[in-house]
Amino acid sequence: MVNANQKAPGKLKVLIIVHGHPEFSPGGGEVAAYALYQGLKESVAVQETTFLATNPKGNSGRIHLLKEGEYLWEQRVADPFSMKAENIQATLKDFTAFLKALAPDVIHFHHYMHVGLDAFRVARQTCPEARILLTLHEMLAICLNDGQMVKTGSMRLCLKAEDLACQQCFPSRTPEDFWLRRRFFAASFKYVDAFVTPSSFLKQRYVDWGLDREMIHVIENGISVAQPLVMEQGSNLHLRIGFFGQVTLYKGLDILLEALNHLPKKVAKQLTVEIHGCNLDIQRSEFKTKIEALMAPLLKRGVLRWVGQYSRSELAGRMAGVGWIIVPSIWWENSPVVIQEAFALGRPVICSDIGGMAEKVHHNQDGLHFSARNPFALADLLTRIVETPELWSRLVEGVKFEATVDQCLKQTLVLYAQLTQAQSVKKMGRVKSKLP
Amino acid sequence: MSTMNGSQVQNRNQIAFQSEPKLLAPREAIKIDRAIVLNNIVLISGWMSGTVKLLVTDAKKFVIYERGDVSPALFDKVRGFLIMATVAPDEWIKKVTVQHNEVAYNSALPLTTELSEIQLVLSEHIPRLAYILSEVKHEQEWCKLLYPFIPHYASDQVEANIEQSCAIMGIGLSVLGWCVSRSSINLWFFSEFGQMRKLSDSVKFYRQDVTNEFSGKFGSRCEMSGFFCSIAGPVTPGMKLSVVAEISGVLFKVQEKVVDKGASTALGYARWAFNIHLPHSGFTQRLASHDGKFIEEIRRREIALEEAVPEVWSVGVRPATPMASVIVPLYKRSDFVEHQLLSFENDKDFYERFAELIYVIDDPALYDRLKHDSNVLYKLYGVPMTFVFGGRNRGFSGANNLGASIARGTYLFFLNSDVFPEETGWISRMVDILVSQPHYGILGARLLYPQGAVQHIGMEFVYSDSLNLWLNEHPGINLPINRDLPAVISVPAVTGACMALSREDFAQAGGFDESYLIGDFEDSDLCLKIRQMRKDIGCLTDTRLIHLERQSVMHAGGDASFRQCVTLYNGWKHTTRWDEQIRLTTNG
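Chains as they are written, first to last, in the numbering used here: chain Y, 11 to 446; chain A, 54 to 641.
Source of the hints: derived by calculation from the structure; they are not laboratory data. Keep in mind that a hint or two might mislead.
What the hints assert, rightly or not - Some chain Y residues near chain A, calculated using beta-carbon distances under 7 angstroms:
| id | residue |
| --- | --- |
| 1 | Leu-102 |
| 2 | Glu-186 |
| 3 | Trp-189 |
| 4 | Leu-190 |
| 5 | Ile-301 |
| 6 | Ala-303 |
As the list claims (entries may be wrong) - Calculated from the model, a selection of chain A residues having no Cβ within reach of chain Y, i.e. all distances over 12 angstroms:
| id | residue |
| --- | --- |
| 7 | Glu-155 |
| 8 | Pro-201 |
| 9 | Val-256 |
| 10 | Glu-309 |
| 11 | Asp-313 |
| 12 | Glu-349 |
| 13 | Ala-357 |
| 14 | Leu-358 |
| 15 | Lys-588 |
To be verified - Straight-line alpha carbon distances no greater than 30 angstroms define the calculated DSS-like cross-link-like pairs of lysine-lysine that follow:
| id | chain 1 | residue 1 | chain 2 | residue 2 |
| --- | --- | --- | --- | --- |
| 16 | A | Lys-106 | A | Lys-190 |
| 17 | A | Lys-424 | Y | Lys-200 |
| 18 | Y | Lys-94 | A | Lys-424 |
| 19 | A | Lys-424 | Y | Lys-110 |
| 20 | Y | Lys-410 | Y | Lys-51 |
| 21 | Y | Lys-170 | Y | Lys-94 |
| 22 | Y | Lys-103 | A | Lys-424 |
| 23 | A | Lys-310 | A | Lys-197 |
| 24 | Y | Lys-110 | A | Lys-401 |
| 25 | Y | Lys-21 | Y | Lys-110 |
| 26 | A | Lys-293 | A | Lys-270 |
| 27 | Y | Lys-94 | A | Lys-401 |
| 28 | A | Lys-401 | Y | Lys-103 |
| 29 | Y | Lys-110 | Y | Lys-200 |
Beta carbons are placed, not taken as given, at the ideal position from N, Cα and C, and that holds for glycine.
My request is simple: use the sequences and hints to build the entire structure.
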């Protein structure tokens, strides 16, 4: 280890800023950022790495040490429309003091949620020489509907944010409100030197929205998993399908269940589908009722098994019990972690043919696509799987796992190096480092 | 009723006033009961019998009527009489003359002004109140005394309902309802304070509900039975107001209501009055003959109220001698400040202290938030700002005038909070033009919609025949940008969303006129004042200032129809004031 107080020449001090700590909020973005942080800590190119995660339980604005190198910041964004932190005073005072103390060369934000958009401006004002990166894990800047790019009400897929169309999704706002929102996001993003997205799909959405294509770098989230499993043999894995993740309106579990209900009896009899899902109990009651009604006959016939929620340490074991992982989401998905987890365990993936899913899963190579939101298409696909036993073995051969933490780390360090070695940062806006 | 002229009769005999009847022959007598005067209107009443004839020397008219209270056992052919006349104080009737058998008799008249006596007379003449009313020519004090004696009566000739009423203390009242009658009879609004107005003066409008309910009885007369009417005069809430009808010479109250308390602000009154859905085509006529003057009067009072000393504070160091002061009133939305700062933070004009930024908090609801946020906004954006809070909402003119009153710049820029420049240096550029081309009194700027179409590139006056108003129109609005225009063009007027002029000219013109409501026409009003000072109005054609037109206002009222009415009101005021000047401008 290098002495933290003395900067080795050419070595970087990196600050990772995340919207949540995976110990309290184990979402895909938080987990990926934490994996990157741990990788950077071990890297010889980096002198010092610090992890700062917001803790949206309160808005006192205090930053305190959680454990060595890891800090929690009690800050939050309550209003995703303005995306401003509740405690701006703390952003100006506590966050500024924190940045000054660390004096990082690289400030790498993951997400702007809870940190608030003003943090980019303040980071630039406080550390005018630092390179600022932002990993975009989602589309909240583009779409107020939880960043889903799915229309409110009709639930139709949305291709591009337009002031008038956005207003139609949110009738209490005006088109001009959306114009102002986009303008504020864009003004805040001007302080970012480079963007990272985990998928080309997400990159394209941000390019369509107005970011400079040259400034967005695609680096897949690194997944740390156990060693790929030795394939279990003779347990009909090719007829066992697993659904993993939260059961929300957008995850398409209802599409899967409808497809199973449409299956010919002799096909259905051979299949086993396991649901490793959580949070059904907190969904809206009409959705819950729908899911329960669709599940009831399937559970009775033994096609479906409701296994329930799992912890991260249980994931590998659970995935080992099935041959396919299914991702039937009705929204785009940016880069679902579950796909990389499946690949890490050598499992092919069945998924909707849109967005980040279609990008990450290659049809007929390491998985199968079906027409998104179409339960009949999925039923046909499941029939094909049952009737073509050799299909599974062929696709298993095609599965490659590349989204390792090492890979992500390597690409990220290359990007850091490019940015820090460049003669000048593309500076947008006037930077005021001295305020009276 | 008959009239006589008694000037040729000789006066020889005196009759005692108000004593016993004067017996002139058996069963023939004359008696004068009462003689009163109020505001130069004289009323004399009494009776006569037999062949006694009434000769009135000074008064022109009198009325004769059956009198049942005098004993028919003692007198023949008893007839009451009621004489009324309007005379100057020095020409008061001194006597009444009667004639009997070619002999004239006089009665000296000790006219009384005693209130109780007047009330007594009126109570005796309830069937003749219509005659009295016409003779007093609706004189208010008489009407006020008359009012309580008008009986309530449910006639099958007329139906009316006063549905809403609104009294503005000391100014007048407005009333809304419907009235339908079988034939064309005299109908009035009649207040207990004696204010009157003919119901036929009302703005009439279609009432489906009345038609449904009463067409069986009144036929098609129901259709336009809706009325809206304003009655000027010193009124108070809680006073009574009636619809009074005259049928066969008799007055009666068709309906009586207590008048509600109206708003005490011009805008508050307008909110009530403009929400009454009258056809817009007759709107200016309605303003001219009904409540337009009320609103002006309330507004005058508001402006005359003594002002509290405004609170002023600055964040950052306020420029001591800026060339320009940019004045931005804030209403309903405080978030626009931050969105504007996104434009200003990189503008040299601000950070090199060429211009000072003044936000006028024109909405008490925003005060706390801005008081709290102003320092944070300065820390984030580094643009020094001065805030001024005048304690209440003043509207476009009042807010801008307040801002101007504390401004230090040689040039004043009035900028709406929903204008977001997409360029820097536009302030110094406009000042340069004002300095180098001094024939321009006011300069405006090209404003664009967010999507890039033109929102404003000068205003012109266009006469609306349907509204009888001059309207301010934006030529080229919603059209693509025209790049062939010279950098500055002369225009009839420019929008107040962004205008610049010297502080000297602004002061000489008396600032923005504050008698308009909310915000329309004050900008063209100022332009016309500057034109009167023989200066031109110019507009830059290449600026890129995004204007989210009407966003703040839509949030204010919500009701588009109300806003339209306010615009019509302001337009009516503007046209009344500037018609001649605009015609000169337009022809020139």
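Among all the numbered hints in the text so far, which are the ones the structure does not match? 5 and 6
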